[in-house]
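Asks: Turn these sequences into a full structure, and let the hints steer you where they fit.
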Amino acid sequence: MKIKAKIVFSTSQKLCYNELLTIFSAYNPSINKYFIVTFVIISIVFRMILSKLTILNFKNIREASLVFSPKVNCFIGNNGMGKTNLLDAIYYLSFCKSHANSIDSQNMLHDTDFFMLNGKYLIGDTIEEISCGLKLRHKKSFKRDKKEYEKLSEHIGLLPLVLISPDDSSLISGGSEERRKFLDGVISQFNNTYLTNLLNYNNALKQRNALLKSEKPTDTYLFELLEEQMTAYGSIIHEERKKFITDFTSIFQNYYKQIAGKTESISLKYISQHFDRDIFTSLKENRKRDMILGYTSQGVHKDELEMLLGNYPIKREGSQGQNKTYLIALKLAQFEYLKNTHGHSPIILMDDIFDKLDSLRVKQIIEMVSGPNFGQIFITDTNREHLDNLLLQVNKEYLIFTITNGNVS
Numbered sequence: 021m022k023i024k025a026k027i028v029f030s031t032s033q034k035l036c037y038n039e040l041l042t043i044f045s046a047y048n049p050s051i052n053k054y055f056i057v058t059f060v061i062i063s064i065v066f067r068m069i070l071s072k073l074t075i076l077n078f079k080n081i082r083e084a085s086l087v088f089s090p091k092v093n094c095f096i097g098n099n100g101m102g103k104t105n106l107l108d109a110i111y112y113l114s115f116c117k118s119h120a121n122s123i124d125s126q127n128m129l130h131d132t133d134f135f136m137l138n139g140k141y142l143i144g145d146t147i148e149e150i151s152c153g154l155k156l157r158h159k160k161s162f163k164r165d166k167k168e169y170e171k172l173s174e175h176i177g178l179l180p181l182v183l184i185s186p187d188d189s190s191l192i193s194g195g196s197e198e199r200r201k202f203l204d205g206v207i208s209q210f211n212n213t214y215l216t217n218l219l220n221y222n223n224a225l226k227q228r229n230a231l232l233k234s235e236k237p238t239d240t241y242l243f244e245l246l247e248e249q250m251t252a253y254g255s256i257i258h259e260e261r262k263k264f265i266t267d268f269t270s271i272f273q274n275y276y277k278q279i280a281g282k283t284e285s286i287s288l289k290y291i292s293q294h295f296d297r298d299i300f301t302s303l304k305e306n307r308k309r310d311m312i313l314g315y316t317s318q319g320v321h322k323d324e325l326e327m328l329l330g331n332y333p334i335k336r337e338g339s340q341g342q343n344k345t346y347l348i349a350l351k352l353a354q355f356e357y358l359k360n361t362h363g364h365s366p367i368i369l370m371d372d373i374f375d376k377l378d379s380l381r382v383k384q385i386i387e388m389v390s391g392p393n394f395g396q397i398f399i400t401d402t403n404r405e406h407l408d409n410l411l412l413q414v415n416k417e418y419l420i421f422t423i424t425n426g427n428v429s
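Add 20 to a position in the sequence shown, counting from 1, and you land on the number used in my numbering.
Any given hint might turn out to be false.
To be verified - In the DSBU-like style, the derived pairs of lysine-lysine whose C-alpha atoms are separated by at most 35 Å in a straight line are:
1) Lys-308 <-> Lys-289
2) Lys-304 <-> Lys-383
3) Lys-117 <-> Lys-159
4) Lys-322 <-> Lys-262
5) Lys-236 <-> Lys-304
6) Lys-233 <-> Lys-277
7) Lys-117 <-> Lys-163
8) Lys-171 <-> Lys-233
9) Lys-201 <-> Lys-163
10) Lys-322 <-> Lys-289
11) Lys-167 <-> Lys-233
12) Lys-308 <-> Lys-226
13) Lys-308 <-> Lys-282
14) Lys-322 <-> Lys-171
15) Lys-171 <-> Lys-155
16) Lys-226 <-> Lys-277
17) Lys-282 <-> Lys-117
18) Lys-117 <-> Lys-140
19) Lys-166 <-> Lys-72
20) Lys-282 <-> Lys-322
21) Lys-155 <-> Lys-167
22) Lys-166 <-> Lys-201
23) Lys-72 <-> Lys-383
24) Lys-262 <-> Lys-236
25) Lys-322 <-> Lys-416
26) Lys-117 <-> Lys-233
27) Lys-236 <-> Lys-263
28) Lys-160 <-> Lys-72
29) Lys-236 <-> Lys-335
30) Lys-263 <-> Lys-171
31) Lys-167 <-> Lys-91
32) Lys-263 <-> Lys-383
33) Lys-263 <-> Lys-322
34) Lys-233 <-> Lys-140
35) Lys-308 <-> Lys-236
36) Lys-91 <-> Lys-171
37) Lys-171 <-> Lys-277
38) Lys-72 <-> Lys-201
Don't read these hints as lab results, they were simulated from the structure.
Replies: Next comes the structure, spelled out in structure tokens:
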């Protein structure tokens, strides 16, 4: 006996269906309409999907218009062909900046004077269009549904995203600034007030450092005003970081156990001057010393996040495999935390992460991120055959794009 099921969409979901049908039909006129239905259903479950990406003059990509799978998308090509640049374009639309190069003019294709990015996202049953444009010697334009943002910070958190890349190794090997960036990057994606307080704190810190270096006599009142601001904003930042690490650590430990397959003891330890001193008093008492140093020595900009394997820093104790597992578990925990707190399933970008991992562990990670608890993912690799075999083993739907000298096919 055949059973016919009728799918009933709400008015907004019908609009999504019609919009996506237009997008996909332009890309492939013979597209199966049931694919579109599946896309809408998956987006309702997973909350957020990038359906189409358009690129013009971004890095080495002159022009590209790509329609994606709601689950697994793979960019294949040799090193230097532009795989990471495609991921960076997606990253840019979430964070209003490049992950690899913070100087916007250097993200333009050589011999051009502008770049443009446009993404169409399905968030729940709503389509959001995000576009960015930059012309040489002009202000960057960032728009949501054709309406320009007054402040770029207003956009952060709308499109949550987790990037896993070789650069993550700096979280272990680099200085404390790298680990603070990780904290700030995660918290800012679900707490815009935190981002505002962080920007205000950094502005006060910058002004105080300028006063410390000034050769002209400075009114004590100005120092006190800035120190009051740093104390107020810093206290809020400290409390948010402390709460985040407390909630985040158990999620991180669970992912590490799943990937490593064994019960190694791992933990995160938050170190801050705010735990053991009154920062306003400390800033005042250290003012003369800071003038000699030329920078501010007290405050949350000196916080540290210790990454521990057993009771020792993983930087000192971890093997290459342990370090890689530690970092991937950290980023997958970031995904789950954002999903739980933000309400959207973040997009995951996985850039050349399988080096130094054995095949069994790679398969475990792919099975995990392509499963029902995760949303849309983008993967780069140099080996088409290797990735095909891997994805066939885990039996997941996927699309593959080949990149050669910035051209995508």
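Asks: Determine for every hint whether it applies to the structure shown.
Replies: Verification of the supplied hints:
{"no.": "1", "hint": "Lys-308 <-> Lys-289", "verdict": "holds (31 Å)"}
{"no.": "2", "hint": "Lys-304 <-> Lys-383", "verdict": "violated (55 Å)"}
{"no.": "3", "hint": "Lys-117 <-> Lys-159", "verdict": "holds (13 Å)"}
{"no.": "4", "hint": "Lys-322 <-> Lys-262", "verdict": "holds (14 Å)"}
{"no.": "5", "hint": "Lys-236 <-> Lys-304", "verdict": "holds (19 Å)"}
{"no.": "6", "hint": "Lys-233 <-> Lys-277", "verdict": "violated (49 Å)"}
{"no.": "7", "hint": "Lys-117 <-> Lys-163", "verdict": "holds (14 Å)"}
{"no.": "8", "hint": "Lys-171 <-> Lys-233", "verdict": "holds (30 Å)"}
{"no.": "9", "hint": "Lys-201 <-> Lys-163", "verdict": "holds (25 Å)"}
{"no.": "10", "hint": "Lys-322 <-> Lys-289", "verdict": "holds (14 Å)"}
{"no.": "11", "hint": "Lys-167 <-> Lys-233", "verdict": "violated (41 Å)"}
{"no.": "12", "hint": "Lys-308 <-> Lys-226", "verdict": "holds (17 Å)"}
{"no.": "13", "hint": "Lys-308 <-> Lys-282", "verdict": "violated (51 Å)"}
{"no.": "14", "hint": "Lys-322 <-> Lys-171", "verdict": "holds (27 Å)"}
{"no.": "15", "hint": "Lys-171 <-> Lys-155", "verdict": "holds (18 Å)"}
{"no.": "16", "hint": "Lys-226 <-> Lys-277", "verdict": "violated (41 Å)"}
{"no.": "17", "hint": "Lys-282 <-> Lys-117", "verdict": "violated (38 Å)"}
{"no.": "18", "hint": "Lys-117 <-> Lys-140", "verdict": "holds (18 Å)"}
{"no.": "19", "hint": "Lys-166 <-> Lys-72", "verdict": "holds (16 Å)"}
{"no.": "20", "hint": "Lys-282 <-> Lys-322", "verdict": "holds (34 Å)"}
{"no.": "21", "hint": "Lys-155 <-> Lys-167", "verdict": "holds (18 Å)"}
{"no.": "22", "hint": "Lys-166 <-> Lys-201", "verdict": "holds (30 Å)"}
{"no.": "23", "hint": "Lys-72 <-> Lys-383", "verdict": "holds (28 Å)"}
{"no.": "24", "hint": "Lys-262 <-> Lys-236", "verdict": "violated (39 Å)"}
{"no.": "25", "hint": "Lys-322 <-> Lys-416", "verdict": "violated (44 Å)"}
{"no.": "26", "hint": "Lys-117 <-> Lys-233", "verdict": "holds (30 Å)"}
{"no.": "27", "hint": "Lys-236 <-> Lys-263", "verdict": "violated (41 Å)"}
{"no.": "28", "hint": "Lys-160 <-> Lys-72", "verdict": "holds (22 Å)"}
{"no.": "29", "hint": "Lys-236 <-> Lys-335", "verdict": "violated (43 Å)"}
{"no.": "30", "hint": "Lys-263 <-> Lys-171", "verdict": "holds (27 Å)"}
{"no.": "31", "hint": "Lys-167 <-> Lys-91", "verdict": "holds (29 Å)"}
{"no.": "32", "hint": "Lys-263 <-> Lys-383", "verdict": "holds (33 Å)"}
{"no.": "33", "hint": "Lys-263 <-> Lys-322", "verdict": "holds (18 Å)"}
{"no.": "34", "hint": "Lys-233 <-> Lys-140", "verdict": "violated (47 Å)"}
{"no.": "35", "hint": "Lys-308 <-> Lys-236", "verdict": "holds (14 Å)"}
{"no.": "36", "hint": "Lys-91 <-> Lys-171", "verdict": "holds (32 Å)"}
{"no.": "37", "hint": "Lys-171 <-> Lys-277", "verdict": "violated (41 Å)"}
{"no.": "38", "hint": "Lys-72 <-> Lys-201", "verdict": "holds (29 Å)"}
Going down the numbered hints, you'll see the structure goes against 2, 6, 11, 13, 16, 17, 24, 25, 27, 29, 34, 37, while the others check out.
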